[in-house]
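Enquirer: Take a look at the letters that make up each chain.
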Amino acid sequence: MTVVAAFMVPGSPLPYVRRDNPPWGALADAMEKAGKALNTAQPDTLVVYSTQWIAVLDQLWQTRPHLVDVHVDENWHEYGELPFDITIDTELAAAAVSATNAAGIKSKGVDYDKFPVDTGTIVASAFLNPDNKHSLVITSNNVYHDWEMTRTLGRVVAEQAQSLGRKIAVIGVGGLSGSYFRHNIDIGQDRIASDSEDAWNRRVLGLMEQGDVAGLQEQCPAYAAEAKVDMGFKHFAFLMGALGDHFSSATVHGYGPLHGAGGAVVEYHL
Amino acid sequence: MSDGQIIAGYLAPHPPHLVYGENPDQNEARSQGGWEQLRWAYERARRSLEEQKPDVLLVHSPHWITQQGHHFLGVPHLSGKSVDPIFPNLFRYSFELDVDTELAEACCDMAADMGLTTKMMRNPKFRVDYGTITTLHMIRPQWDIPVVGISANNSPYYLTTEEGLEEMDVLGKATRKAIEATGRRAVLLASNTLCHLHFSEEPVPPEDMAQEHPHDYEGYLWDMRIIDLLRQGKTQEVFEVLPQFIDEAFAEVKSGAFTWMFSAMGYPEIPGELHGYGTVIGTGNAVMEWDLIKAGLAQAAEGEPA
Chain X
2 MTVVAAFMVP GSPLPYVRRD NPPWGALADA MEKAGKALNT AQPDTLVVYS
52 TQWIAVLDQL WQTRPHLVDV HVDENWHEYG ELPFDITIDT ELAAAAVSAT
102 NAAGIKSKGV DYDKFPVDTG TIVASAFLNP DNKHSLVITS NNVYHDWEMT
152 RTLGRVVAEQ AQSLGRKIAV IGVGGLSGSY FRHNIDIGQD RIASDSEDAW
202 NRRVLGLMEQ GDVAGLQEQC PAYAAEAKVD MGFKHFAFLM GALGDHFSSA
252 TVHGYGPLHG AGGAVVEYHL
Chain S
3 MSDGQIIAGY LAPHPPHLVY GENPDQNEAR SQGGWEQLRW AYERARRSLE
53 EQKPDVLLVH SPHWITQQGH HFLGVPHLSG KSVDPIFPNL FRYSFELDVD
103 TELAEACCDM AADMGLTTKM MRNPKFRVDY GTITTLHMIR PQWDIPVVGI
153 SANNSPYYLT TEEGLEEMDV LGKATRKAIE ATGRRAVLLA SNTLCHLHFS
203 EEPVPPEDMA QEHPHDYEGY LWDMRIIDLL RQGKTQEVFE VLPQFIDEAF
253 AEVKSGAFTW MFSAMGYPEI PGELHGYGTV IGTGNAVMEW DLIKAGLAQA
303 AEGEPA
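Heads up: the protein sequence lines correspond to chains X and S, in order. Here the working numbering = 1-based position in the first sequence + 1. Here the working numbering = 1-based position in the second sequence + 2.
These are computed hints drawn from the structure, not numbers from a lab. Keep in mind it's a predicted model, so treat the numbers as computed, not measured. It cannot be assumed that every hint is accurate.
Stated by the list, open to error - Facing chain X, from chain S, some residues (calculated, C-beta under 7 Å):
1) Val85
2) Ile88
3) Pro90
What the hints assert, rightly or not - With a straight-line Cα cutoff of 27 Å, these simulated DSSO-like cross-link-like pairs (lysine-lysine) come out:
4) S:Lys236 with S:Lys179
5) X:Lys115 with S:Lys127
6) X:Lys34 with X:Lys134
7) S:Lys83 with X:Lys115
8) X:Lys109 with S:Lys83
Just so you know, even glycine gets a beta-carbon here, dropped at the ideal spot from N, CA and C.
So here's chain X without its partners, still in its complex pose:
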């Protein structure tokens, strides 16, 4: 089996930089549980799609062999730095670039010193791959790509992993509901900003737990629109593409607020 594990995790830095805050610490704990589950699956490579890596012209794939730096989040800079040390599976990344181009999605690799790695990728890597034990394939969120194109990206990278004999863990990095608190709050009292969006999040997470793929496919368009889901929930589209639209059930390791927006750590059982 090529895909040996799959996860959806939030890209917000808050659980990482302020895990001492109970609402965010619970998500940090959940991320660590997901990291343990990922390790148990023994993947060769983690394939990461992050909604926060915004692309415009092409589908971008990180092809620099080693990424080491310190990032400061554009919004949450007061909470400190996000150091990262990431090794890229350049062979699989190059194969993905070629194959997605062949599939009609214009792609290219980026191999530049100091290229800005996004917060979501860094946070996911820090929690799920803290010792840089696994290599990564990292790809972007082209804002002009729709659900189906994003799903194709996931499918194609999984096919290329299979061709190369890789066992991969697929990770969709992104949030759930998108309404957030624009002003300062008592962070210890953080909550989902909208009751209706909270209900939507719980409904969708319930469908995931049940492995109700058909129900999810039916509900996702309305969910994405009505709950203002992060980037149209395309991180889940990428996951579904890589999983061939199939998983048997899911474990929600954590669900909670991120300054009003929704975030969940979900492990999909294959």
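With chain X's structure known, arrange chain S on it following the hints.
Expert: Coordinates of chain S only, in the frame set by chain X:
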């Protein structure tokens, strides 16, 4: 200290292609030129800025996007290498800049007093966005004037355009009060493109000007209408049609810099000087200047003719 004033404002767009076309030492990528009309427009703007002798440049950039409030660079000296995430092949720029932290703090406090959520960015490892850097390089490549960098709170996108731009209006008024209170002679830089639809593929080489033209005729017409109004000093009329311009031309002025600048200047009904217009990967860019000294709305520096 008092009697600070805004002496000029510039519409100063930030396509990294302009830096790439100029080939400064700070940028790794090399070109054979390109986008000369816009680069020469910036050369004219540089000469004006030299005459204005500001103490500080304030820049509002749509590529420092913040969700919780309006943020201000608050570290005295920042340096690093800025790589454009969209055009890394063109822009890999080593920068060093000095921040006027006293004015930044004053802007932050004043805006908070006027009801906005604000925050100082005090982390010395912060990576300054390429929009801020491109605008500053193009207007003052010597990097010898302190700056105040202001984020683009995403309120025009999260709320309605009108609600978001109302916040930018307040931000502009707060900026003006802070400048007056701190005694600075300030120049404002609105780092905004006009029509913003763009091509989805780059030519090879990127500076092949045979491939450069407006993305669409409608956007071009909108840009000319807005520039014409600005050249006539019909500021109020511009702001009356601004929401329609934003919707129909996907104009980047939605992100707020343009409104912030005009609000700070008091929406003067004075003709703007067009230094030049050109497209970059299809988007419309104008370099324009509003010299408040020449308009009699600000005083020249001591010893300088008005």
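Enquirer: Are the hints correct? Go through all of them and say.
Expert: Hints versus structure:
Look at Val85 of chain S: its Cβ gets to within about 5 Å of chain X, closer than 7 Å, so that hint holds up. Checking Ile88 of chain S against chain X by beta carbon gives a least distance of about 5 Å; that is within 7 Å, so the hint holds. For Pro90 of chain S, the interface hint holds, the least distance from its beta-carbon to any beta-carbon of chain X being 5 Å, beneath 7 Å. Under the criterion of a C-alpha separation no larger than 27 Å, the hint pairing Lys236 of chain S with Lys179 of chain S is consistent with the structure, at around 24 Å.
Pair hint Lys115 of chain X plus Lys127 of chain S holds up; C-alpha atoms about 13 Å apart against a cutoff of 27 Å. Simply put, Lys34 of chain X and Lys134 of chain X have alpha-carbon atoms about 17 Å apart, close enough for the 27 Å limit, and the pair holds. Simply put, Lys83 of chain S and Lys115 of chain X have alpha-carbon atoms about 7 Å apart, close enough for the 27 Å limit, and the pair holds. Proposed proximity of Lys109 of chain X and Lys83 of chain S is supported: the alpha carbons are some 22 Å apart, at most 27 Å.
Checked against the numbered hints listed earlier, the structure breaks none of them; every hint is satisfied.
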